[in-house]
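2 protein chains.
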Amino acid sequence: MAKADHISMSVIRRLPRYYRFLYDLKENGVVRISSRELSQRMGLTASQIRQDLNCFGGFGQQGYGYMVSQLYDEIGHILGMDRLSDTVLLGAGNMGRAIANHMDFESRGIRLTDIFDDSPQVIGQQIRGLTVRPISELETACQEHPPQVAILCIPKEAAPSIVERLLAVGVQGFWNFSHYDILYEHPGVIVENVHLGDSLMTLSYQLKTQRKM
Amino acid sequence: MAKADHISMSVIRRLPRYYRFLYDLKENGVVRISSRELSQRMGLTASQIRQDLNCFGGFGQQGYGYMVSQLYDEIGHILGMDRLSDTVLLGAGNMGRAIANHMDFESRGIRLTDIFDDSPQVIGQQIRGLTVRPISELETACQEHPPQVAILCIPKEAAPSIVERLLAVGVQGFWNFSHYDILYEHPGVIVENVHLGDSLMTLSYQLKTQRKM
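These protein sequence lines map, in sequence, to chains A and B.
For the first sequence, position 15 matches number 15 in my numbering, and the numbering has no gaps at all.
For the second sequence, position 52 matches number 52 in my numbering, and the numbering has no gaps at all.
Computed cross-link-like contacts, DSS-like style, restricted to lysine-lysine with a CA-CA straight-line distance of at most 30 Å:
#, chain 1, residue 1, chain 2, residue 2
1, B, 26, A, 156
2, B, 208, A, 26
3, A, 26, B, 156
4, A, 208, B, 26
Derived coverage of chain B by chain A (criterion: at least 3 residues anywhere in the stretch with Cβ under 8 Å from a Cβ of chain A; other residues may be distant):
#, stretch
5, 15-24
6, 77-87
7, 94-103
8, 183-190
9, 197-204
Calculated from the structure, these hints are not laboratory results.
The beta carbon of each residue, even a glycine, is placed where N, CA and C say it ideally should be.
Given these sequences and hints, build the entire structure.
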């Protein structure tokens, strides 16, 4: 961790991928792996991997490789997976429900504390052990459990006013499925936008030109 | 389109984003936009935008800007949005259902033709106007409608054999939510992996370090 302050963002963006691969190796009982093997598995060069992991003080030993479990824990620690951020989910429609049921939040550094929706059909339903609350209770609920993160699975039109309210109760980061451009209105806020359509369009393009990206 | 053969993949990866922004401008009645305005809106430099769009023969005019609707259509054409790829969805659980109901497939170059699952609770249900079919009917169905694309919303363990079967019926591209590493087993296949967890981990990291990426 000694060098963690100097890590470039492109390295950080690769860390979740290392974390996933190391998890799989760990699950498959692999104790130790060389940078060459890891690179083949991940489609990176061995030198890239050594360079990336050296940013964190270097875990490998020449000719010996990396201890899978140790490296997994260390990357998890760097990513902050051992400290959970309290998180509210806005919108319990198809996408919100899928996200709530599908994601392994705890192993991604997230603790889901509340789910909100404005539809009477959905309010009161149980999702992942939480009762969906009316959006009118947002401020009260956030006083009970001040959230750091909000997941937005609401329509774009609803997003501007909800984002204002979430910022007012202290939310610092958004996982944004709504297509509302939060950063344009609120520069400086931490946002991860998920644009599934972009990924699908890129796939369509590759198919039509039969180019691998 | 004259120059389209020489476009770098990093430009292509930005096109869906241009396409989204232009769609919004079009919806808001904007007819014409300067590269400076578009750059402020998108958080890119004006010179980057001019460079990107010049790859396609240059649509803008000095001091006049871009015609929104024309540029939108042209980027859609480059991305192949005007030719739909027949597509099957594998897995009608939470994620598959959300994807089926949530995505605007047609405007992303995709025509959903069939949905498959192996759970008796789900088979026979209607999703997006399609009846969920048993996975045992995959080969028969694909003879009726040969698909180019498969969307994988199945567990990782189920993926290897399903991918083999899909490749055997002629599927060329995968939109992969399953976490199974298709490319490692089948190099050369076109794959867009969606790792929602990676995005969430990056968000967690930024929150813990309070760094914008």
